[in-house]
Amino acid sequence: MPFDGNAIGGLLLEIFGSDMTSAEASCATCGAVGPVAETTVYLRGPGTVVRCRRCTSVLMVVARVRGLNCVDLSGLAALEVEY
Amino acid sequence: MAGTAVRGRLSWQVATVAAVIEETDSVRTIALDLPDWPGHRAGQHLDIRLTAEDGYSAERSYSIASADGEPVNITVERLEDGEVSPYLTQELRPGDQMEVRGPIGNWFTWGPHDGGPLLLIAGGSGVVPLRAILRHRQRSRSSVPVRLLYSSRSLADVIYREELDQYGRSAEVNYTLTRSQPPDWGGFSGRVDDAMLARVAWPASQRPLAFICGPTPFVEAVAELLVARHYLSGRVKTERFGGA
Amino acid sequence: MTSPVSRGFHRLSRPAGAEGGKLPPGQHVTTDFPVLSAGPTPHTPLHEWTFSIRQGGQTLRSWTWPEVQDLPAETVTVDIHCVTRWSKLGTQWRGVPVRALLDQVEHDAQYVLAFSDGGYTTNLPVKDVSGGQAWLAFDYDGQPLAPEHGGPARLLVPHLYFWKSAKWVRGLELLDHDQPGFWENYGYNNYGDPWREQRYAGD
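Protein chains in written order, with my numbering: chain A, 166 to 248; chain B, -14 to 229; chain C, 3 to 205.
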């Protein structure tokens, strides 16, 4: 069974340099807006897949390739985080 | 210094096991010595990384069982076909080392300023971050009303029983046992359902703040029940532990 | 800083030597069968399920579930290798060779893009699925393939990394060029030969 965005808090901290679980994510496919913590997350495969809880479209994929975090955010229309 | 705090959060630090406490047959609390820990808030978790002799490493996340300002403790449940939890709950001993990153998670946290009334609903080991919230609430002498509904398979599987029972009237603790109940059991039986919530959950009109934590199917079923009881979805915070 | 060793911790697997056979580089043997997915498990009812071969926007040929069950099937025992480094030896599957399906269609395509319920795709050269080493598999270990492992049917291409064995497969798109699929788009190798350790693009 999948996890939620809380489970990738550490990975996102590594990538973005700040806690992203409260960040508001907007789905580029259906427009749903909600905290990253509430997204559906698939772990431990070839990469980490983050999907919109409402429409299941892919929001974000992180693949670890040769020491790099390869981050695809094209499924997100926006990401808003407090600074 | 803010810079040091950020660095502390971002990087892995070496933790030494200070003590292990057997909570139940399959659950253990591990007290960690983390000299550079920047502090944490109730509800947050940390990531651990274990490295084997051959260089193989595994990472997992565990909720912090202790409140703000307390030493870092995590509580781990042994999953039968797990790779990390059998090691943590059986092999690990004081003096052993691992790497830790954290604290992590600004969403699933509570402090007195977040208000209430608070409804905490735990499935199995999902009780861990909620116990941290209860400890923090008590240590802060907060008067925010709180109720905990804690679902376990049997009484023997209940973690922190003595501690939860000592809250008495300051925090209403309700247990439901889903697989077996002792004779003369006065608590709930069976899975969390609408009838149970009707008795335990704050009415939606009070604008309660709910935290649900446990296996994914449990969390999703309970969240749906609360939303059906008109809880605002923005005030129902969830943390899914995967699994069934 | 080098990571300290966590005394007594080791991976959950048996040493490669115990198996007697060779393992591809960087792999270790597992005794369980990890469930790794990129999305929710679909639940297409069998009476709605079809497998199609498509090209240029057209369906060239399509089979319903009963039609697939009527085709001659094989039981095979193969080793499977996941790019996340676990290998499972001696797994038993039953399915229809993909060759038998492709043979019913006239084409000169060089590549296929397998597509699945839920949107997953993966690309393969036609010769890697038409030469007798690929199956449309619907039984695992003597039982109907469980949904979490790709049931009712998945692609089985054991000579390549297991992400090529698309779960919940619904068909093959015939192409004249190699079109990266889901994981290939995110940095994984277009071919994926575990014996040459072709995990990532450029390997």
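The set of hints was computed from the structure by calculation and includes no laboratory data.
Any given hint could be a false lead.
To be verified - Footprint (simulated), chain A over chain C, 3 or more residues, beta carbon under 8 angstroms:
(1) 39 to 46
(2) 62 to 75
Unchecked claim - For each label pair, taking beta carbons as the anchor points, the in silico distance ranges come out as:
(3) B:Ser(-4) x C:Ser64: 53 to 61 angstroms
(4) C:Asp143 x B:Glu148: 42 to 50 angstroms
(5) B:Gln75 x C:Gln112: 51 to 59 angstroms
Beta carbons: idealized from backbone N, C-alpha and C, even for Gly.
*Ser(-4) of chain B paired with Ser64 of chain C, Cβ distance criterion 53 to 61 angstroms*: The hint (53 to 61 angstroms, Cβ to Cβ) holds, given that Ser(-4) of chain B and Ser64 of chain C are roughly 54 angstroms apart.
*Can you let me know if the beta-carbon spacing of Gln75 of chain B and Gln112 of chain C is within 51 to 59 angstroms?*
Cβ of Gln75 of chain B to Cβ of Gln112 of chain C: about 53 angstroms, so the range 51 to 59 angstroms holds.
*Is it true that the C-beta distance of Asp143 of chain C to Glu148 of chain B lies inside 42 to 50 angstroms, as the hint says?*
For Glu148 of chain B against Asp143 of chain C, whose Cβ atoms are near 45 angstroms apart, the range 42 to 50 angstroms holds.
*Test coverage of the stretch 39 to 46 of chain C by chain A using CB-CB distances below 8 angstroms; three residues minimum.*
As far as the stretch 39 to 46 of chain C goes, the hint holds, because 4 residues have Cβ atoms under 8 angstroms from chain A.
*Examine the stretch 62 to 75 of chain C: at least three residues should have C-beta closer than 8 angstroms to a C-beta of chain A.*
Since three or more residues must qualify, the claim that chain A covers the stretch 62 to 75 of chain C is violated, with 0 doing so at under 8 angstroms.
The structure does not agree with numbered hint 2 stated previously, though it agrees with all others.
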